[in-house]
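Trainee: Sequence:
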Amino acid sequence: MMTTTSTLSLAQVRDALLILPQPFQRGAVQDVVERLQTAPGELDPYLNFSSSGYTRTQFYHGPLYEILVLCWRAGQASPIHDHAASICSMAVIQGTCSSEVFHLNGDGHGQGLQAGEQAKLEPAGSASCGAGQILTVEGRDIHRISNRDDGGEDLVTVHVYLPPILTIRCFDEETGLCRVTEPRTLMPRL
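Numbering (the working numbering), first residue to last: 29 to 218.
If you're looking for bench data, these hints aren't it; they were derived computationally from the structure. Cβ coordinates follow ideal geometry from the N, Cα and C atoms, glycine included. Worth double-checking, as some hints may not be accurate.
Using C-beta positions, here's what the derived DEER-type ranges look like [to be verified]: (1) E145 x P191: 23 to 29 Å; (2) G90 x E70: 16 to 22 Å; (3) A39 x G153: 30 to 36 Å; (4) G153 x D182: 36 to 42 Å; (5) H89 x V208: 17 to 23 Å; (6) S79 x T33: 36 to 42 Å; (7) E70 x Q161: 31 to 37 Å; (8) S79 x L46: 18 to 24 Å; (9) E166 x A143: 27 to 33 Å.
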């Protein structure tokens with residue numbers, strides 16, 4: 029049996045999540061993802077960089093959770109968004125990730141806010157995570173992830189979503205307009 033300090037490949041993270049008790053707890057998920065250490069070449073089939081925006085490539089998709097590899101060129105960012113009812117634990121594999129947190133309408137999460145409605149976005153903090161660090165957000169937490177590296181270094185992150193995300197709410201930074209969208213996911217080059 030593995031000790032809690034042993035490292036895990038991405039496939040081992042997938043398998044370790046399968047045996048976690050449900051409902052999934054944020055801390056237990058983060059404990060598994062913190063042990064991720066990829067071997068050289070392990071992520072190669074999932075690395076899909078694009079000059080037109082960050083990419084999301086599927087490593088695993090099941091009924092309880094999904095694992096995606098996200099690739100970001102310098103200057104690329106996600107929209108300001110939530111995670112519906114999902115826990116997202118993100119591991120930085122390469123580069124430095126910037127996370128900006130937002131509150132909506134004074135209550136933090138804009139509960140009940142629907143597509144086409146406007147929200148008042150309020151910056152609520154920011155953090156940077158480097159290779160080997162983990163960031164975990166939950167459900168209606170609202171944030172934006174970006175690669176702000178001025179030196180042109182690419183950013184690679186692994187995201188575990190429990191349960192898989194079907195739709196997210198995205199917010200226009202200038203107007204606060206809310207839209208609901210399905211995240212676009214690529215298939216690996218196997």
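Trainee: Measuring from beta carbon to beta carbon, are S79 and L46 in 18 to 24 Å?
Mentor: With a Cβ separation near 36 Å, S79 and L46 fall outside 18 to 24 Å, so the hint is violated.
Trainee: G153 and D182, beta-carbon distance inside 36 to 42 Å?
Mentor: violated, 25 Å
Trainee: Is 36 to 42 Å right for how far apart the beta carbons of S79 and T33 are?
Mentor: Since the Cβ atoms of S79 and T33 sit about 40 Å apart, the hinted range of 36 to 42 Å holds.
Trainee: Holds or violated: the 16 to 22 Å window for the beta-carbon distance between G90 and E70?
Mentor: holds, 20 Å
Trainee: Do E145 and P191 keep their Cβ atoms within the hinted range of 23 to 29 Å?
Mentor: holds, 25 Å
Trainee: Does the Cβ distance between H89 and V208 fall inside 17 to 23 Å?
Mentor: At 20 Å between Cβs, range holds.
Trainee: Would you say the C-beta atoms of A39 and G153 sit inside 30 to 36 Å of each other?
Mentor: holds, 34 Å
Trainee: State, for the Cβ atoms of E166 and A143, whether the hinted interval 27 to 33 Å holds or is violated.
Mentor: violated, 21 Å
Trainee: Between the beta carbons of E70 and Q161, is the distance compatible with 31 to 37 Å?
Mentor: Violated - the Cβ-Cβ distance for E70 and Q161, about 18 Å, lies outside 31 to 37 Å.
Consistency note: the structure conflicts with the earlier hints numbered 4, 7, 8, 9.
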